[in-house]
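**Q** Each chain, written out:
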Amino acid sequence: MGNGTSIGRVRGLGSAKTGVHHWLLQRFTAIGNLLSVLFLAVSILLLPDLSYATVVEWIARPVPAVVMILLVVTTFWHARIGLQVLVEDYVHDHANKFACIAALNLAACSGIAFGAFCVIRLALGAH
Amino acid sequence: MAKDGTRNRPLSPHLQIWRWGPHMFVSILHRVTGDGMAFAGLALLLWWLGALAGGPEAYALLTKCMTSIPGYVVLVGISWAFFTHMMSGLRHFVLDVGAGFELKTNKTWSIVCPILGVLATVAFWAILLLR
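Residue numbers (the working numbering), protein chains in the order written: chain A, 2 to 128; chain B, 964 to 1094.
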């Protein structure tokens, strides 16, 4: 193990053992997105119209409500990992990179919380 | 740390040096549609859920905005981004198991995936508007 270039310092240490975690999560959430967004797309096509009354009656039902909460979680999680890759590719300054990823985590968690809250509120009849 | 050993190191070649091909196009399209949806798509998703929870007036405002011409451009754009990202994402699943790397096969699916994305978008809107 040398102390010259980046590659020289890590050569011979083996893998970091944690790198595959994000890669796998991106696939798991991709499957979640595929199922939940297709459910939403087919539901939109099957609803008689998209008026307020029709859509609220649909989303308050147990299965659509649960799938919509899962949709919010899986899409925001997938976007969070995807945008982190974008940040890591294009933001090279360490402080800026940390700030971007911190902001990204706040935004993703807030999005999930707000989306889930809206669906739960509708499903429990507060409309 | 990333910077320490990389000062004065040669940069890896970027977009301008490669000859464009369908594989490069579908890869860039995957990122563009994904990141586009992460901003526009998820914002609209929250607006939609928020408007439903907010009541008929909030939903009427959303409907008014989204049934205008710029609104339809946004909706068609997001649906196209979804179906395109879905098709190139399915391509990624195939590549993940180690299949489809043969030059001709890879090139063929790189061309087919974005076309399938457009066809799915057209089919979705045709069913929605003609029902």
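These are computed hints drawn from the structure, not numbers from a lab.
Remember, it's a predicted structure, so these values are computed and weren't measured experimentally.
Some clues are possibly wrong.
[As the list claims (entries may be wrong)] Quick look at which bits of chain B chain A covers, simulated, 3 or more residues with Cβ under 8 Å:
id : stretch
1  : 989-1001
2  : 1007-1021
3  : 1031-1039
Where a beta carbon is used, it is the ideal one built from N, C-alpha and C, also for glycine.
**Q** Tell me the hint numbers this structure goes against, listed in increasing order.
**A** 3
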